[in-house]
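Asker: Those protein sequences? They're chains R, L, E, U, D, P, A and F, same order as listed. With UniProt numbering, letter number 102 in the first sequence gets 102, and the count goes up by one each step, no holes. With UniProt numbering, letter number 84 in the second sequence gets 84, and the count goes up by one each step, no holes. With UniProt numbering, letter number 20 in the third sequence gets 20, and the count goes up by one each step, no holes. With UniProt numbering, letter number 103 in the fourth sequence gets 103, and the count goes up by one each step, no holes. With UniProt numbering, letter number 158 in the fifth sequence gets 158, and the count goes up by one each step, no holes. With UniProt numbering, letter number 100 in the sixth sequence gets 100, and the count goes up by one each step, no holes. With UniProt numbering, letter number 52 in the seventh sequence gets 52, and the count goes up by one each step, no holes. With UniProt numbering, letter number 17 in the eighth sequence gets 17, and the count goes up by one each step, no holes.
Hints listed in this document are in silico derivations from the structure and should not be mistaken for laboratory results. Worth double-checking, as some hints may not be accurate.
Mimicking BS3-like on lysine-lysine, the simulated pairs with C-alpha atoms at most 25 Å apart in a straight line are [what the hints assert, rightly or not]:
{"hint": "1", "chain 1": "U", "residue 1": "Lys77", "chain 2": "E", "residue 2": "Lys77"}
{"hint": "2", "chain 1": "R", "residue 1": "Lys56", "chain 2": "E", "residue 2": "Lys56"}
{"hint": "3", "chain 1": "U", "residue 1": "Lys88", "chain 2": "R", "residue 2": "Lys90"}
{"hint": "4", "chain 1": "A", "residue 1": "Lys52", "chain 2": "P", "residue 2": "Lys56"}
{"hint": "5", "chain 1": "F", "residue 1": "Lys56", "chain 2": "A", "residue 2": "Lys88"}
{"hint": "6", "chain 1": "D", "residue 1": "Lys56", "chain 2": "D", "residue 2": "Lys88"}
{"hint": "7", "chain 1": "U", "residue 1": "Lys56", "chain 2": "F", "residue 2": "Lys56"}
{"hint": "8", "chain 1": "R", "residue 1": "Lys88", "chain 2": "U", "residue 2": "Lys90"}
{"hint": "9", "chain 1": "A", "residue 1": "Lys88", "chain 2": "A", "residue 2": "Lys56"}
{"hint": "10", "chain 1": "P", "residue 1": "Lys24", "chain 2": "P", "residue 2": "Lys77"}
{"hint": "11", "chain 1": "R", "residue 1": "Lys77", "chain 2": "P", "residue 2": "Lys77"}
{"hint": "12", "chain 1": "D", "residue 1": "Lys56", "chain 2": "D", "residue 2": "Lys90"}
{"hint": "13", "chain 1": "A", "residue 1": "Lys56", "chain 2": "P", "residue 2": "Lys52"}
{"hint": "14", "chain 1": "R", "residue 1": "Lys56", "chain 2": "R", "residue 2": "Lys90"}
{"hint": "15", "chain 1": "R", "residue 1": "Lys77", "chain 2": "R", "residue 2": "Lys24"}
{"hint": "16", "chain 1": "U", "residue 1": "Lys24", "chain 2": "U", "residue 2": "Lys77"}
{"hint": "17", "chain 1": "F", "residue 1": "Lys56", "chain 2": "U", "residue 2": "Lys52"}
{"hint": "18", "chain 1": "R", "residue 1": "Lys90", "chain 2": "U", "residue 2": "Lys90"}
{"hint": "19", "chain 1": "F", "residue 1": "Lys77", "chain 2": "R", "residue 2": "Lys24"}
{"hint": "20", "chain 1": "F", "residue 1": "Lys90", "chain 2": "A", "residue 2": "Lys88"}
{"hint": "21", "chain 1": "E", "residue 1": "Lys90", "chain 2": "L", "residue 2": "Lys56"}
{"hint": "22", "chain 1": "E", "residue 1": "Lys52", "chain 2": "R", "residue 2": "Lys52"}
{"hint": "23", "chain 1": "L", "residue 1": "Lys90", "chain 2": "E", "residue 2": "Lys88"}
{"hint": "24", "chain 1": "E", "residue 1": "Lys56", "chain 2": "E", "residue 2": "Lys88"}
{"hint": "25", "chain 1": "L", "residue 1": "Lys77", "chain 2": "P", "residue 2": "Lys77"}
Note that the structure is predicted; figures quoted are calculated from it, not measured.
Protein chains: 8
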Amino acid sequence: MTWTVYLSGEIHTDWREQIEAGAKAAGLEVSFSAPVTHHEASDDVGVALLGKEPDKFWHDHKGAQINAIRTRTLIGKADIVVVRFGEKYKQWNAAFDAGYAAALGKPLIIMHQDEHAHALKEVDAAALAVARTPEEVVLILQYVIDGTLAGYTDKEAGR
Amino acid sequence: MTWTVYLSGEIHTDWREQIEAGAKAAGLEVSFSAPVTHHEASDDVGVALLGKEPDKFWHDHKGAQINAIRTRTLIGKADIVVVRFGEKYKQWNAAFDAGYAAALGKPLIIMHQDEHAHALKEVDAAALAVARTPEEVVLILQYVIDGTLAGYTDKEAGR
Amino acid sequence: MTWTVYLSGEIHTDWREQIEAGAKAAGLEVSFSAPVTHHEASDDVGVALLGKEPDKFWHDHKGAQINAIRTRTLIGKADIVVVRFGEKYKQWNAAFDAGYAAALGKPLIIMHQDEHAHALKEVDAAALAVARTPEEVVLILQYVIDGTLAGYTDKEAGR
Amino acid sequence: MTWTVYLSGEIHTDWREQIEAGAKAAGLEVSFSAPVTHHEASDDVGVALLGKEPDKFWHDHKGAQINAIRTRTLIGKADIVVVRFGEKYKQWNAAFDAGYAAALGKPLIIMHQDEHAHALKEVDAAALAVARTPEEVVLILQYVIDGTLAGYTDKEAGR
Amino acid sequence: MTWTVYLSGEIHTDWREQIEAGAKAAGLEVSFSAPVTHHEASDDVGVALLGKEPDKFWHDHKGAQINAIRTRTLIGKADIVVVRFGEKYKQWNAAFDAGYAAALGKPLIIMHQDEHAHALKEVDAAALAVARTPEEVVLILQYVIDGTLAGYTDKEAGR
Amino acid sequence: MTWTVYLSGEIHTDWREQIEAGAKAAGLEVSFSAPVTHHEASDDVGVALLGKEPDKFWHDHKGAQINAIRTRTLIGKADIVVVRFGEKYKQWNAAFDAGYAAALGKPLIIMHQDEHAHALKEVDAAALAVARTPEEVVLILQYVIDGTLAGYTDKEAGR
Amino acid sequence: MTWTVYLSGEIHTDWREQIEAGAKAAGLEVSFSAPVTHHEASDDVGVALLGKEPDKFWHDHKGAQINAIRTRTLIGKADIVVVRFGEKYKQWNAAFDAGYAAALGKPLIIMHQDEHAHALKEVDAAALAVARTPEEVVLILQYVIDGTLAGYTDKEAGR
Amino acid sequence: MTWTVYLSGEIHTDWREQIEAGAKAAGLEVSFSAPVTHHEASDDVGVALLGKEPDKFWHDHKGAQINAIRTRTLIGKADIVVVRFGEKYKQWNAAFDAGYAAALGKPLIIMHQDEHAHALKEVDAAALAVARTPEEVVLILQYVIDGTLAGYTDKEAGR
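Go ahead and model the full structure; you've got the sequences and the hints to work with.
Answerer: This is how it looks when you write it as structure tokens:
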């Protein structure tokens, strides 16, 4: 079985690439999905494809709805949803995705620095793991998917 | 992942072929489905297969129910539902499909000309995109599936 | 038990009032719900409450979405959904509601004149009754709710 | 029918009281619910009831989970979910609630000032109405519940 | 809490009345529902209300669909479904109701004589109780609803 | 896409083989499933595998429950459920399967001879097609899956 | 709104009565439900009502299935499920109920002494609160239902 | 079709390997899944990956939640869930899994020795088969998947 993992949230660092590289190195049977992470494309897709809007609200609205075709579909198909909160910006879409995934019963892994712990306590409370780094997420995936935990299962094949 | 897209509605122009050709040209991993688009077959299938009906109502009913085996199954399996309203006819089955897909939580793309915008406002209000042409639908699919938006993501691979 | 019946569709004749009066005369334990049937209010509610839109599309969109808060909630709570198609207009919202209710598994009663039978065959095929008049709908409700059928159950209390 | 409306989000102004007072003045059949809005109680409930935690993360976690008993239950029972984003703080729990409600198919009304429109575009894209003030929310509820729109339905009883 | 119990199946003996009388005598908080049990009304309702059909198949079809408005709605609202198989006739509608209720996850009580046990083994296998008499069903309801079991809980109030 | 069709009901004639052969001859992308059709195996499986039961009721029960592991799983996975009623026996399990599939929203095709039409009217009323012969079922599948209807679509590829 | 709380698990102490008394004293709008807590009645109900079984396995089976009519229905209707693990016995039914409730998405409160914490870690991991005493459960309910937390909200009405 | 079978419960004997070997020998199209069965890894995974916890409760909690990512996902994907209760320990997680699977409607096979029959009666009552040995489970799978029952279907291919 190939596991499907959706990587939601922060788009300004290469945490997705790190997780994907780590999973590949670990030989995991896993397929990753994500929102479109090109910031400008994501902002402008509505008007670029379906016509300009003089009002910024509708400019944003048309784009956000097209993005939702992708994000809601991929979250709905995911076995696990990882949501990373970065150090800057409001990131309300990340928290929205976490709530959306939680209501669908998807196992949630939340990633953030300690400084955000208090502000994210309701989000963390819905998660099955709270991690700080891409490495930790890779190790969780390795354990969950392959049953491998360094120092424990090394001599015994996980399932 | 292969996306599944159901193409509902108007059956007198080649819009489905245009979308399929465009998706193929764009190299999208997508599989299309649709109702039987042969008008007379769709009308007569009930009596052709299960026996003549003197009453036109039951003639239609037997056919419409057999068509429903196909259409409800394929809508249920679709990741995205596109519904096109043409320029003529009542097209209540198109609006029915849109409502059916909406209640199942399927992302909806509605296609129609501007002149129908007011009459379709409740249908459009349930959609995540309202397009005018097959080209626009192809571009939406390309963005949603591949993350590609001309002028933005060209130099950066979508996911 | 009080049954809840949603009356969708055509808003230019008094068919809702006829059904409600008939149900009351028959002493049925039934509660009716419906969309806002004031045409102009329904068209303008978005901009009247949330600010003008120069573009007619968004004018319609804002109103249609507010109407959807009401209609989707009430259809979701209905035990039975009646959808009437009148003699004029596109009435795509009526067909949309029928599809929406069908996908939710709601028992559907469709009302229309014979002339629309062919165009409505897919909608009718999803219905459990196709009626022509408000009187017929009242009699169906009386049978379904009280088990009463004139000439049959008169001397025997329905359940 | 009594409508149930959950009021999520910002807890430092009296917007909930304003909406409740407005709804009462309008004579709406509506029942409101909300999270516990006492900030300190909400933060400390876990340790206050189930024992101190030296680690702030678990202090928060125990409280957030008890709050979730209340919030997820009440969102699940709501007909409409209103989420207000205030001017300060991260408010990730508000966005989480919006996503949670969206995935449950609840009609969403989002309240915020214009300055947050861009950051909230994904949240707004899932809403059926985006309002700025408690007054607007009351008017929306009045229209949705009673069918009343000032200047339109005054002489005609809503349903 | 009032429990709702749907009584499906055989309509030629007074077993429903016996169960209802027994439940009343036991003071149970229970509300019963059932199909229309007037055989001829149930057969003819379609044509009586919506117009004659020369073809017996459609005569039956129209009636059966109207009956389905009642039966599917009431099964859907029931907490418990009791299905009685009598000594005569095919009673396929009873077995259909049992399957329908089973797929909805409704607790099933099946009533029949020993002679039918083998033919009903798949139906019984989906049930939580297989009874022979109305008295047994009343005692089951008394235990399930009030926690009362003669000789055991007499001196101890059930919950 | 490969369609999955579950063939429920009568086990004493070769109707399943006829449908499978017809589908193969027509080149349909379809996969068939069915209950275990060996009558004695199906009756005795419980005691054969899990130990003898002196009481015939439990003998039957243990077997019927093991059969249910297969039948409920396969019905749950089917795109279309075909239920055939033969000329003999009670066949309550066939009607049970029809009800079970109906509640899951599976498109139903019912097969029976005209003489059973009245007794099966509630079952037929839940179906999207009522056929008499395996040939008819094959033609329905051919139309539904391939869009092919002899005399209509011959020159035009179905979708 | 009246909250419904199901009290599952250990039946040899008066913890249910303590919670009910505490909730009453606190004036909470709450309705409690529970399994039949009379041990012998619960064991024997199957054979007492539906006939003796020489084999103890079927004796137990008939009783356990009748109990399931009550327990699954009441868990399904509960807003909150409390499961108490006592100091003795296997109590597999308590853990079963916890898993059943968890899969239905019910908020879980688990009660047990510290000595069982390790053995119950998977059950606790699915809970939103882990308590030791009936008093703690009452305080949680008071907070969740009324928003009251001693020392915090005393001067401020909860919602 | 490949069937998916989740093997829950006891982790100290090689029953899983026996079932897998038996299924392989029988040539069944089946894929097995299971929790991580390395006891220490399963206990410590939380702190090993996400940081030490001085409090044993949180040590356990972090691990149990990561295990839940795996177990809930795999149970959710399983066609059949087998739960084995061994001779020692509390095994509440096994009973929890059984309840969890039951509420999801998964066909359950429970394995245990006779001595546990009474204590497991509620769990057994939710099962479609109660087996004692891995051999019995293999034979059940062989029958369910291939329709093969020794002595009955040997000369006749199952489906």
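Asker: For Lys90 of chain F and Lys88 of chain A, compute the direct alpha-carbon distance and say whether it is at most 25 Å.
Answerer: Satisfied, since the Cα-Cα distance of roughly 10 Å is no more than 25 Å.
Asker: Does Lys77 of chain P lie within 25 Å of Lys77 of chain L when you go C-alpha to C-alpha?
Answerer: holds (12 Å)
Asker: Could you grab the alpha-carbon distance between Lys56 of chain F and Lys88 of chain A and see if it respects the 25 Å cut-off?
Answerer: Distance of about 22 Å is within 25 Å: holds.
Asker: Are the Cα positions of Lys88 of chain U and Lys90 of chain R separated by 25 Å at most?
Answerer: Cα-Cα ~10 Å, so holds.
Asker: CA of Lys88 of chain A to CA of Lys56 of chain A, is that 25 Å or under?
Answerer: At roughly 23 Å apart (the allowed maximum being 25 Å), Lys56 of chain A and Lys88 of chain A satisfy the hint.
Asker: Are the Cα atoms of Lys90 of chain L and Lys88 of chain E separated by 25 Å or less?
Answerer: This hinted pair holds, its Cα atoms lying about 10 Å apart.
Asker: Given the hinted pair Lys77 of chain R and Lys24 of chain R, is their alpha-carbon gap at most 25 Å?
Answerer: holds (21 Å)
Asker: Decide if the proposed pair is consistent with the structure: Lys90 of chain R and Lys90 of chain U, CA atoms, cutoff 25 Å inclusive.
Answerer: holds (6 Å)
Asker: Assess, step by step, whether the Cα of Lys77 of chain R is no farther than 25 Å from the Cα of Lys77 of chain P, and give holds or violated.
Answerer: holds (18 Å)
Asker: Check whether the Cα positions of Lys52 of chain A and Lys56 of chain P lie no farther apart than 25 Å.
Answerer: Given pair Lys52 of chain A, Lys56 of chain P holds - Cα atoms ~15 Å apart, limit 25 Å.
Asker: Under the criterion that the straight-line Cα-Cα distance not exceed 25 Å, is the pair Lys88 of chain R, Lys90 of chain U satisfied?
Answerer: Holds, because 10 Å separates the two Cα atoms, which is no more than 25 Å.
Asker: For a C-alpha distance cap of 25 Å, please report whether Lys56 of chain U and Lys56 of chain F respect it.
Answerer: This hinted pair holds, its Cα atoms lying about 16 Å apart.
Going down the numbered hints, you'll see the structure goes against none, and every one checks out.
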